[in-house]
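There are 2 protein chains.
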Amino acid sequence: MKAMVAEPPKRNSVKLVEIPKPLPKQGQVLLKTLSVGIDGTDREINEGIYGSPPSGSRYLVLGHEALARVQEVGDQVENFSEGDVVVPTVRRPCKENCLNCRTGISDFCLTGNYFEHGIYKLHGFASEYAVSDADFLIRIPPELGNLAVLLEPLSIVEKAVTQSFKIQERMMWKPKRAFVVGAGPLGLLATMILRLKGLEVYAAATREKESLKAKIVRNVGGTYVNVRETPIKTLEEKFDIVIEATGRVEAALEALSLLGPNSVMCFLGVYREKRACEEFGKVLTNMVLGNRLMFGSVSSNKSHFEMGIKDMLEIKRRYKDALNRLITRKLHLSDFEQAFRSEREDVKTIIHFK
Amino acid sequence: MKAMVAEPPKRNSVKLVEIPKPLPKQGQVLLKTLSVGIDGTDREINEGIYGSPPSGSRYLVLGHEALARVQEVGDQVENFSEGDVVVPTVRRPCKENCLNCRTGISDFCLTGNYFEHGIYKLHGFASEYAVSDADFLIRIPPELGNLAVLLEPLSIVEKAVTQSFKIQERMMWKPKRAFVVGAGPLGLLATMILRLKGLEVYAAATREKESLKAKIVRNVGGTYVNVRETPIKTLEEKFDIVIEATGRVEAALEALSLLGPNSVMCFLGVYREKRACEEFGKVLTNMVLGNRLMFGSVSSNKSHFEMGIKDMLEIKRRYKDALNRLITRKLHLSDFEQAFRSEREDVKTIIHFK
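Residue numbers (the working numbering), protein chains in the order written: chain A, 269 to 622; chain B, 269 to 622.
One chain only, chain A, in its complex shape (with noise of 0.2 Å):
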């Protein structure tokens, strides 16, 4: 079977390639891929700066963000059936089977020896034919269709969200108002989740006003902010929230000052630029005399995945084709290699596996 690869940390690696199609283990179902989204993570382990093979192969199988069809169950799996269309998360437990892993949690690992499918040392679904464990798939119900293989990245924006409402139990918070820095995918659905909240979201990036990524944002009844005429720090309001999406330390460093009283803010970056905080004791003491709080959110797990279908749902009825919006490229497999260049007004690659 074809099977899209890459080889850590081998530059520009990613090929097609005929690989023997696995077969499902106890406890496993055999997937039919039906697509799979690309996202910066696929980008960086092309780049050779990310991800890992499994052990004994030379070569990764990509695609973490996938959405597939039950083909076969092996043995010990009732839970799922032929025909079932599945969306698998992307995290697997630990050797260790730390207190979270054992749980189900392991994107909350204590080891660090996680694995996960299509970046570290597990194969992905952007193959033919793939396997995962029957306990880590999602069943997707039918209204949703195609839309689903956003519900990895959306399951990310879940987690995050979700967190900054739970550390926030800690005290009396009644949030007015969402910023979210950054207008990629993680971007424009940190805005659709946070608009499900009641919040007044501001979402800010560099393209100009009457761009995609602005109107999806304004789609959503959010207000676009372009950076490049408004800059982050000439902005007078302060925020209860804010999730940074660009994994520019630029942009996080600027964004502190949206920072309200007894705020939060989330990172959901690999932050690679080598950037200094020149006042680092200004954001710390901004920190202590305000309650703020910072926080980084990585990965996500089932329950993360369940709330993103139950709001797809949702952003469905309310926003109609917001979701569909952000899919900007669909492209047959033979095309992998225009979903590693990135183009101006795309959001979201999609590749389809006939």
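One thing to keep in mind: the hints can contain errors.
No distinction is drawn between identical chains; accordingly, a pair holds when it is met within one copy or between any pair of copies.
List of simulated lysine-lysine pairs, BS3-like, C-alpha gap at most 25 Å [unchecked claim]: (1) Lys501 x Lys550; (2) Lys550 x Lys293; (3) Lys434 x Lys570; (4) Lys363 x Lys444; (5) Lys501 x Lys542; (6) Lys363 x Lys506; (7) Lys622 x Lys550; (8) Lys444 x Lys434; (9) Lys389 x Lys289; (10) Lys465 x Lys434; (11) Lys483 x Lys278; (12) Lys278 x Lys550; (13) Lys289 x Lys270; (14) Lys550 x Lys389; (15) Lys389 x Lys588; (16) Lys278 x Lys389; (17) Lys506 x Lys465; (18) Lys598 x Lys622; (19) Lys598 x Lys270.
No lab work stands behind these hints: they were computed from the structure. Just so we're clear, the structure is a prediction, and the values are computed from it rather than from any experiment.
Dock chain B against the given chain A, drawing on the hints supplied.
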């Protein structure tokens, strides 16, 4: 009556003056001050870099860590009567009466227009008599005696620790090890509170292994780290909770390396040095990949003073004279100037009012 006052932003302005005895208004009590503790905030006010007198006053009566006896109650005060020994909390509601101030938790004030006895726009208790709203008094059980002068700094620690634990209810969290940076009164009190919670606690400072601070840490079952011998960055252990109680940026930066997966770090200081965090991107990425969290905690409210009383009684029971050992200097009011000169083995200096 005599009062210890300062005139921020004047430098070295602390002096004793004669001022009129105040009168309790409706809902207030007249307090006869028994003792006040002196801390870093008092010293910063004396240095002219913090604090603000009440509107219309040239001077600010100091003393936000106080122990007092009720001398007289104003109209409509029902819960206190003459002779009650009390500790007043420090923060008072903002004029706007924001959501949090309205409900007695002005340590989470949303407007920033709160008042603080002895610090910000309200006189403190370092005078023979003082007034406070009765709603913000904590009754002291006789068993605690003069030790209750430590209740205000303990309340700061109670807030920091309670917030840390509340925040972590966001996940499955079974903390085992805590690290406290700094062994001043806040650091030592934090060490005690975290020990009461059953944690293995490390506390670090610059004093030698046979210093009083080191002995107090060991006295409560903690591990003392002399950072001159064992710099924080050489430690390999990782911690579930880190409390930064030095107020120094350099210590804060070093302590970031102590954070284990899913950990929480609390900052308690006002960080005045101008120092950069050279690799801010690394700090953020580390937060993200390990679900790490940082927050600042300021002031405290009645609930934290009440926790403090319970915990003081428990510390006395378990660790005998550990709290008494924190009080290293007891000065008479006339010797107040000594309190603003730090002494090598000093932990907490108390000024007694006869």
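Hint by hint, here is what the structure shows:
1. In this homomeric assembly, Lys501 and Lys550 come within 25 Å of each other (Cα to Cα) both inside a single copy, at 15 Å, and across copies, at 23 Å.
2. In this assembly of identical chains, the alpha carbons of Lys550 and Lys293 never lie at most 25 Å apart, being 55 Å within a copy and 39 Å across copies at closest.
3. For a Cα distance limit of 25 Å, the shortest separation of Lys434 from Lys570 qualifies both inside one copy, at 17 Å, and across copies, at 23 Å.
4. Proximity of Lys363 to Lys444 under the C-alpha cut-off of 25 Å is restricted to the inter-copy arrangement: shortest distance 21 Å between copies versus 43 Å within a copy.
5. For the homomeric pair Lys501 and Lys542, the shortest alpha-carbon distances inside one copy (21 Å) and between copies (20 Å) are both at most 25 Å.
6. Only between protomers do Lys363 and Lys506 lie at most 25 Å apart by alpha-carbon distance; the minimum there is 20 Å, versus 44 Å within a single protomer.
7. Proximity of Lys622 to Lys550 under the C-alpha cut-off of 25 Å is found in neither arrangement, the shortest distances being 55 Å within a copy and 41 Å between copies.
8. Taking the shortest alpha-carbon separations for Lys444 and Lys434, both the intra-copy value of 16 Å and the inter-copy value of 22 Å come in at or below 25 Å.
9. In this assembly of identical chains, Lys389 and Lys289 lie within 25 Å of each other by CA distance solely inside one copy; the values are 18 Å within and 74 Å between copies.
10. Taking identical chains as interchangeable, the C-alpha atoms of Lys465 and Lys434 lie at most 25 Å apart whether they share a chain (14 Å) or sit on different chains (22 Å).
11. In this homomeric assembly, Lys483 and Lys278 never come within 25 Å of each other (Cα to Cα): the closest approach is 38 Å inside a single copy and 55 Å across copies.
12. In this assembly of identical chains, the alpha carbons of Lys278 and Lys550 lie at most 25 Å apart only when taken from different copies (23 Å versus 41 Å within one copy).
13. Taking the shortest Cα distances, Lys289 and Lys270 sit within 25 Å of each other inside one copy (9 Å), while across copies they are farther apart (88 Å).
14. Taking CA atoms no more than 25 Å apart as the test, Lys550 paired with Lys389 passes between copies only; the shortest distance there is 23 Å, against 40 Å inside one copy.
15. For a Cα distance limit of 25 Å, the shortest separation of Lys389 from Lys588 qualifies neither inside one copy, at 38 Å, nor across copies, at 53 Å.
16. Only within a single protomer do Lys278 and Lys389 lie at most 25 Å apart by alpha-carbon distance; the minimum there is 16 Å, versus 63 Å between protomers.
17. Within a single copy, Lys506 and Lys465 get their C-alpha atoms as close as 18 Å, which meets the 25 Å cut-off; across copies the closest is 36 Å, which misses it.
18. For the identical chains of this complex, Lys598 and Lys622 are intra-copy neighbours only, at 12 Å inside a copy versus 82 Å across copies, given an alpha-carbon limit of 25 Å.
19. For the identical chains of this complex, Lys598 and Lys270 are intra-copy neighbours only, at 18 Å inside a copy versus 80 Å across copies, given an alpha-carbon limit of 25 Å.
This entry does not satisfy hints 2, 7, 11 and 15, going by the numbered hints stated previously.
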